[in-house]
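*Asks:* Please model the complete structure; the sequences and the hints are all you need to start from.
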Amino acid sequence: MVEDDAADLICISVIDGEYFVFDIDAVKRLRNDHHIAGILVGTLPQVPQQSVFLGLPVQLMPEEAALLVQQGVARIIDEALSHGNILAVDENNIDEAAAKLKINELESTESESQGALASYTTPTVSITHKCALPESSVSAIYDTPRFHIYKYLYQKGYFISPGLRFGSQFLAYPGDPLRYHSHYLVRGVGYDEEFSLLELVGSGRLGTGVKKAWMVGARLPNDCQDKFAVLRPSQTKDSEGSESNDNFVSFCIEWAGFG
Amino acid sequence: MKKRNLNAIYTAPLPVEVVPLPPLVPHNPLSVAYYVYQLVFVPFLWGFKRRRRFTAYLELYTDSVSSYVSSIAVDSYEDMQGLWKAGFFGKGTQSRSDPTWELRTAKRLQEASGEVEGVAPEEVTARRRAARKKFKNARALAEQGIVGNDTAMEKVETCEEPRRQELARPEDSQLRDSEGKVRRLEKLQLTFQEAFFLAYALDIIDIYDDRTGDLVTVPYLLGLLMPDWSPDNSFIINYVAYHHYRSHGWCIRNGVKFGVDYLLYRRGPPFSHAEFGVIVVPLYSDESKNQLIRKDWSWSFGVNRVVGGVKKILVLCYVEVPDCIDKWHTVEELLKKYKVRELVLRRWIPSRNRD
Numbered sequence: 001m002v003e004d005d006a007a008d009l010i011c012i013s014v015i016d017g018e019y020f021v022f023d024i025d026a027v028k029r030l031r032n033d034h035h036i037a038g039i040l041v042g043t044l045p046q047v048p049q050q051s052v053f054l055g056l057p058v059q060l061m062p063e064e065a066a067l068l069v070q071q072g073v074a075r076i077i078d079e080a081l082s083h084g085n086i087l088a089v090d091e092n093n094i095d096e097a098a099a100k101l102k103i104n105e106l107e108s109t110e111s112e113s114q115g116a117l118a119s120y121t122t123p124t125v126s127i128t129h130k131c132a133l134p135e136s137s138v139s140a141i142y143d144t145p146r147f148h149i150y151k152y153l154y155q156k157g158y159f160i161s162p163g164l165r166f167g168s169q170f171l172a173y174p175g176d177p178l179r180y181h182s183h184y185l186v187r188g189v190g191y192d193e194e195f196s197l198l199e200l201v202g203s204g205r206l207g208t209g210v211k212k213a214w215m216v217g218a219r220l221p222n223d224c225q226d227k228f229a230v231l232r233p234s235q236t237k238d239s240e241g242s243e244s245n246d247n248f249v250s251f252c253i254e255w256a257g258f259g
Numbered sequence: 001m002k003k004r005n006l007n008a009i010y011t012a013p014l015p016v017e018v019v020p021l022p023p024l025v026p027h028n029p030l031s032v033a034y035y036v037y038q039l040v041f042v043p044f045l046w047g048f049k050r051r052r053r054f055t056a057y058l059e060l061y062t063d064s065v066s067s068y069v070s071s072i073a074v075d076s077y078e079d080m081q082g083l084w085k086a087g088f089f090g091k092g093t094q095s096r097s098d099p100t101w102e103l104r105t106a107k108r109l110q111e112a113s114g115e116v117e118g119v120a121p122e123e124v125t126a127r128r129r130a131a132r133k134k135f136k137n138a139r140a141l142a143e144q145g146i147v148g149n150d151t152a153m154e155k156v157e158t159c160e161e162p163r164r165q166e167l168a169r170p171e172d173s174q175l176r177d178s179e180g181k182v183r184r185l186e187k188l189q190l191t192f193q194e195a196f197f198l199a200y201a202l203d204i205i206d207i208y209d210d211r212t213g214d215l216v217t218v219p220y221l222l223g224l225l226m227p228d229w230s231p232d233n234s235f236i237i238n239y240v241a242y243h244h245y246r247s248h249g250w251c252i253r254n255g256v257k258f259g260v261d262y263l264l265y266r267r268g269p270p271f272s273h274a275e276f277g278v279i280v281v282p283l284y285s286d287e288s289k290n291q292l293i294r295k296d297w298s299w300s301f302g303v304n305r306v307v308g309g310v311k312k313i314l315v316l317c318y319v320e321v322p323d324c325i326d327k328w329h330t331v332e333e334l335l336k337k338y339k340v341r342e343l344v345l346r347r348w349i350p351s352r353n354r355d
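Protein chains in written order, with our numbering: chain H, 1 to 259; chain X, 1 to 355.
For the record, the hints were derived by calculation from the structure and aren't laboratory data. There's no promise every hint is true.
As the list claims (entries may be wrong) - In silico DSBU-like links for lysine-lysine, alpha-carbon gap of 35 Å or less:
(1) H:156 with X:257
(2) H:211 with X:311
(3) X:257 with H:211
(4) X:339 with X:295
(5) H:211 with X:327
(6) X:312 with H:211
(7) X:107 with X:339
(8) H:211 with X:133
(9) X:134 with X:85
(10) X:85 with H:156
(11) X:107 with X:181
Computed from a predicted model, the values in this text were never measured in an experiment.
*Replies:* Written out as structure tokens, the structure reads:
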């Protein structure tokens, strides 16, 4: 029974601290069911000498990986350890390992109509499960301002991508990034954390310049949740499944350009 | 619109009067005598007679612990104009930059009679925005394929009546004094760095305490502006940068509107846009302190994008902070302890910067 649950989990491989998804089905599931797009970072084997169009794997932000693990949708696989395990199995019992790989391959060819594709996706799936890392490997960021604002927006249904090119932490899209432009440049701060007015002016100006709004937000500490009750629109309180959104406060800054 | 002759209006780069010395011919005794006369006596006479001084007022905010300077402002019309026209110091409290509130108000109140001469930069901006809007409307019409380019422009021009502003306002009656002139309500506010530069480096401004009316001396002013007297006090760090660029002949103004500390103009705002945006960064000899104020990668992307988007170049101005400063230093000794290093940061994209 436990095995069935595990097989249903999306495998996120961690390699040198970065999070990747190698399975195309998992990528589809992330995009369709969990509105997480990630970023394609793999070179296309057919056209390796360009970097405009990229393919698998999909790289996820640490926040995305942590959120998926927190929600029980995915598990983190230590890729380096898994490779070590394969080698170890090879030495001790080559026949058994080969048989296992073979079975896996057959299983996946059944689901895939094309044999060529199967060879990309097969071998590691069930073996790597053995090297799954516990939730504690990602839970360290659960309590960071970045993760708070990420989760806040995620729960409101936004697609979220890294915001480096606009000098922010995230970009929030109202729908699939293939269809929509992003609406917000997102910056998560700690409650009571200071940020300079220059940053506010610069980011507000930058956001408005690219037809977005600069959004800054923080999770309220437990002792001052009532303080901001007036700021929150009343309907968020009775909307379903967003109880953790109630203790979040966010503001959008735009450059008005008077005078 | 008539193009103003900027060189005639803004003649001096700083509000000081300069008399060039006559050519010196060593073997001609007359020349030497005249040279010595110019060198010694003219400044001496000027010191008493013709030297122009400005007056500013300093407002203090006092809480239970200590006093802080809340503003330094100039309120005489002549001083405001003098400081703006030579060196572009300060900002009009009711205007975007140069103090034009009086001009604009007078113009608004006497719109029909057209007695008032001159154009405020705010009006230039308003006109440009209107023209751009008109152009965009015309382009939109043309793109829809309704009409051709020329006819679109005509159409927009005809359908858009020159919209007259609602000029009268309820407070207008209080804006005039008994003689019917517009009251002078605007002040020219100086940044602390500007005020200190005028008081210390140029020595052409007298700053008075607003409440007591006492003259504020340079050492006392410095004490008010950096009460903690720490080597990395933000006033002194910014002043070092300010003094540095003024000394190199730049017109330096506050850059908060572009998210940077300072903007560098070659001559001044009316002549050209600022070429550089400066961010002042204190640089400690103790590396752990540098780590505390370290900015992240995305910060540099953001700042560079804002500054690059308005066609300026980002300068990181590192001010080396001395380990300790003595309260008994003169200002000169104090400034000598600081060093300035600069770094230009530019976004470089290989595909766009090849040719």
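*Asks:* Quickly compare the C-alpha distance for residue 107 of chain X and residue 339 of chain X to 35 Å and report which way the hint goes.
*Replies:* violated (48 Å)
*Asks:* Is the Cα-Cα distance between residue 312 of chain X and residue 211 of chain H 35 Å or less?
*Replies:* OK: residue 312 of chain X and residue 211 of chain H at ~21 Å, within 35 Å.
*Asks:* For the pair supplied as a hint, residue 211 of chain H and residue 133 of chain X, confirm whether the alpha-carbon distance does not exceed 35 Å.
*Replies:* holds (17 Å)
*Asks:* Quick one, are residue 134 of chain X and residue 85 of chain X close enough, alpha carbons at most 35 Å?
*Replies:* Holds, at roughly 33 Å.
*Asks:* Can the restraint linking residue 107 of chain X and residue 181 of chain X be considered satisfied, given a maximum Cα separation of 35 Å?
*Replies:* At roughly 12 Å apart (the allowed maximum being 35 Å), residue 181 of chain X and residue 107 of chain X satisfy the hint.
*Asks:* Against the 35 Å threshold, does the CA-CA distance of residue 156 of chain H and residue 257 of chain X hold or violate the hint?
*Replies:* Measuring from Cα to Cα gives roughly 33 Å; hence the hint holds.
*Asks:* CA of residue 211 of chain H to CA of residue 311 of chain X, is that 35 Å or under?
*Replies:* holds (19 Å)
*Asks:* Between the alpha carbons of residue 257 of chain X and residue 211 of chain H, is the straight-line distance 35 Å or under?
*Replies:* holds (18 Å)
*Asks:* For a C-alpha distance cap of 35 Å, please report whether residue 85 of chain X and residue 156 of chain H respect it.
*Replies:* Violated: residue 85 of chain X and residue 156 of chain H sit about 54 Å apart, past 35 Å.
*Asks:* Just to be careful, I want the Cα atoms of residue 339 of chain X and residue 295 of chain X compared with a cutoff of 35 Å; is the pair within it?
*Replies:* This hinted pair holds, its Cα atoms lying about 21 Å apart.
*Asks:* Assess, step by step, whether the Cα of residue 211 of chain H is no farther than 35 Å from the Cα of residue 327 of chain X, and give holds or violated.
*Replies:* violated (50 Å)
In the structure shown, a violation is registered for the earlier hints numbered 5, 7, 10, in ascending order.
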